[in-house]
Amino acid sequence: MLSPDIVGRVYPGRGAHEIRALSITAFARAINDENPAYFDVDAARALGYPNLLAPPTYLVSIAIDEAQQALTDPPVSIDWSRVVHGEQRFKFNRPIVAGDVLTCETAIEAVKSLAGSDFVTTRANFLDEQGTLVANAWSILVVRGPEA
Amino acid sequence: MSRRTFDSVTVGQSLPTVKYSVNREMLIAYANASGDQNPIHQDEAFAKSVGLPDVIAHGMFTMASAGRALTDFAGDPGAIVEFSTRFTKPVVVPAGQDVVIEISGTVAEKLDDRLVRIELQVTCGGVKVLGMTRAIVALA
Numbered sequence: 003m004l005s006p007d008i009v010g011r012v013y014p015g016r017g018a019h020e021i022r023a024l025s026i027t028a029f030a031r032a033i034n035d036e037n038p039a040y041f042d043v044d045a046a047r048a049l050g051y052p053n054l055l056a057p058p059t060y061l062v063s064i065a066i067d068e069a070q071q072a073l074t075d076p077p078v079s080i081d082w083s084r085v086v087h088g089e090q091r092f093k094f095n096r097p098i099v100a101g102d103v104l105t106c107e108t109a110i111e112a113v114k115s116l117a118g119s120d121f122v123t124t125r126a127n128f129l130d131e132q133g134t135l136v137a138n139a140w141s142i143l144v145v146r147g148p149e150a
Numbered sequence: 009m010s011r012r013t014f015d016s017v018t019v020g021q022s023l024p025t026v027k028y029s030v031n032r033e034m035l036i037a038y039a040n041a042s043g044d045q046n047p048i049h050q051d052e053a054f055a056k057s058v059g060l061p062d063v064i065a066h067g068m069f070t071m072a073s074a075g076r077a078l079t080d081f082a083g084d085p086g087a088i089v090e091f092s093t094r095f096t097k098p099v100v101v102p103a104g105q106d107v108v109i110e111i112s113g114t115v116a117e118k119l120d121d122r123l124v125r126i127e128l129q130v131t132c133g134g135v136k137v138l139g140m141t142r143a144i145v146a147l148a
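Top line first, the protein sequences correspond to chains A and B.
Under our numbering, the final residue of the first sequence carries the number 150; numbering is consecutive throughout.
Under our numbering, the final residue of the second sequence carries the number 148; numbering is consecutive throughout.
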C-alpha cells in the first residue's frame, strides 16, 4: 500500500535528452508506422516542420526512463514487473522534432488504492532549453497487489 | 501526404476503420525502442506467473496504433494537441500468432481554432481494449 505522503514529490530530470533522428525512426519502425514525416526530412519540411517529427507517443520512451527515478525512490519503490498501465494522456504545446533538447521532470500527482491495487498518477513535464513547457505526459500506473 | 482541412470535416464523420497486427517479435522491438522492458510483454512464463493469461502487448503499443489512425486522418503527425486513453483490457499475444487491433473513430466535435475532437474505438478480437480514447487535433 503506497502512502499518500508521496503525492507532490517532484523528481528533477536526469539531464538533457537530445531527440535524435535515428531514435525517432527506430521508434516509428517499432510502432509499425511508416509515416514519411518520421523518416524523410523533406516530408517533414513539406508540412512546415524544421526536422523529422516524433510520433505522438514517442515521449513515453523518455518518460519511462525518467520515471524510474520516482518509482525506485524508497518511499515509492514500485515493483515494475507488477505494474500495468491504466491510463495515458499527452498534451502538446508544440510538436516534438528531431534536434529538440528536452528535460523531463516527473511529479507524483495522485495515489489511491482500490481492490488491492495501488493507482499512481505521474505527470512528466517536458521543457525545452529555454525552460518552456513543450509537452506533458500523464500516466496512471496500476501496481497490482499480491491478491489482485 | 496532405493535411486534412477543418472545413472538410463534419461532426459525426467516421474515420476509415483500420486494422494493424501485432506479434511477439513486434513487442520485443517495441520494448527496445521504448525502453519498457517489463517482462509481461515478452516472457510467457513470467506473464502467467503474475496472473496474466499470456504475454500482453504494451498498452503504449496499442495507443501508438491508435495514434497512427489519428495522424493518418489528419495528414500531419504534428497536428495532435491532446491524446488520451484508458487501457481497458489487455491485448493478449500468443506465441506464433499475429493478433489484429481494429481501430475506428468519429469526429465528435468541432471546436474553436480549427481544432476537432476525435473519439476512437479500439478493439481486439471483438473486445474493447482501449476506453475513452480521444484526441484534440488541429486541422488545416
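Derived by calculation from the structure, the hints in this document are not laboratory data.
Where is the CB? At the ideal position from N, CA and C, for every residue including glycine.
Watch out, some of these pointers could steer you wrong.
Claimed, not checked - Listed next, the in silico BS3-like pairs over lysine-lysine satisfying Cα-Cα at most 30 Å (straight line):
#1 LYS97(B) with LYS93(A)
#2 LYS93(A) with LYS56(B)
#3 LYS136(B) with LYS114(A)
#4 LYS56(B) with LYS118(B)
#5 LYS56(B) with LYS114(A)
#6 LYS136(B) with LYS27(B)
#7 LYS27(B) with LYS114(A)
#8 LYS93(A) with LYS114(A)
#9 LYS93(A) with LYS136(B)
#10 LYS93(A) with LYS118(B)
#11 LYS118(B) with LYS136(B)
As the list claims (entries may be wrong) - Now the stretches of chain B that chain A is said to cover, found in silico as 3 or more residues with beta-carbon under 8 Å:
#12 12-22
#13 88-98
#14 117-130
Evaluated hints:
| no. | hint | result |
| --- | --- | --- |
| 1 | LYS97(B) with LYS93(A) | 24 Å, holds |
| 2 | LYS93(A) with LYS56(B) | 35 Å, violated |
| 3 | LYS136(B) with LYS114(A) | 25 Å, holds |
| 4 | LYS56(B) with LYS118(B) | 45 Å, violated |
| 5 | LYS56(B) with LYS114(A) | 26 Å, holds |
| 6 | LYS136(B) with LYS27(B) | 14 Å, holds |
| 7 | LYS27(B) with LYS114(A) | 35 Å, violated |
| 8 | LYS93(A) with LYS114(A) | 23 Å, holds |
| 9 | LYS93(A) with LYS136(B) | 24 Å, holds |
| 10 | LYS93(A) with LYS118(B) | 18 Å, holds |
| 11 | LYS118(B) with LYS136(B) | 25 Å, holds |
| 12 | 12-22 | violated (count 0) |
| 13 | 88-98 | holds (count 9) |
| 14 | 117-130 | violated (count 0) |
In the structure shown, a violation is registered for the earlier hints numbered 2, 4, 7, 12, 14, in ascending order.
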